[in-house]
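Novice: Sequence:
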Amino acid sequence: MSLTTRSAFGVPFHLGEMRRLGVGEREVIEVIGVTQMFSSYTKIADTLQLESDMGDIAPVDPSPAPGGHRH
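Read in order, the letters of the sequence shown correspond to residues 95 to 165 in this note's numbering.
The hints are simulated quantities; they were obtained by calculation from the structure and are not laboratory data.
What you are looking at is a predicted structure, and each value in this text was computed from that prediction instead of being measured.
Be aware that a few hints might be false.
Have a look at the derived ranges for each label pair, beta carbon to beta carbon [what the hints assert, rightly or not]:
| # | residue 1 | residue 2 | range |
| --- | --- | --- | --- |
| 1 | 97 | 146 | 15 to 25 angstroms |
| 2 | 143 | 122 | 17 to 27 angstroms |
| 3 | 160 | 100 | 22 to 32 angstroms |
| 4 | 143 | 120 | 35 to 45 angstroms |
| 5 | 144 | 114 | 14 to 24 angstroms |
Glycine included, each C-beta is placed from N, C-alpha and C at the ideal position.
Kindly generate the complete structure, drawing on both the sequences and the hints.
Specialist: Following this line, the structure appears as structure tokens:
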């Protein structure tokens, strides 16, 4: 998320966490490539105003995120 939003705080933070966990340069580059690919797909789908067809495969989970609250 921080990569696609170009977060000035998030990118260095998450890169630091990846490094702390032992992720190497090649793995970082792979993660960036996959992130950019899916970000591009999302932008195209948004531009074409496509509806999700994943409802039957991955229905929306109404439970709150850890530490989150129900709305």
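Novice: Cβ-Cβ distance between residue 143 and residue 120: within 35 to 45 angstroms?
Specialist: With a Cβ separation near 37 angstroms, residue 143 and residue 120 satisfy 35 to 45 angstroms, so the hint holds.
Novice: Given the hint of 22 to 32 angstroms, is the C-beta distance from residue 160 to residue 100 inside that range or not?
Specialist: At roughly 25 angstroms between Cβ atoms, residue 100 and residue 160 fall inside 22 to 32 angstroms, so the hint holds.
Novice: Note whether the CB distance of residue 144 and residue 114 lies within 14 to 24 angstroms or breaks it.
Specialist: 38 angstroms, violated
Novice: Go ahead and decide if the range 17 to 27 angstroms is satisfied by the Cβ distance of residue 143 to residue 122.
Specialist: 33 angstroms, violated
Novice: Given a hinted range of 15 to 25 angstroms, is it respected by the beta-carbon distance of residue 97 and residue 146?
Specialist: The hinted range 15 to 25 angstroms holds for residue 97 and residue 146, with Cβ atoms some 22 angstroms apart.
The structure is inconsistent with the numbered hints 2 and 5, although it conforms to all the rest.
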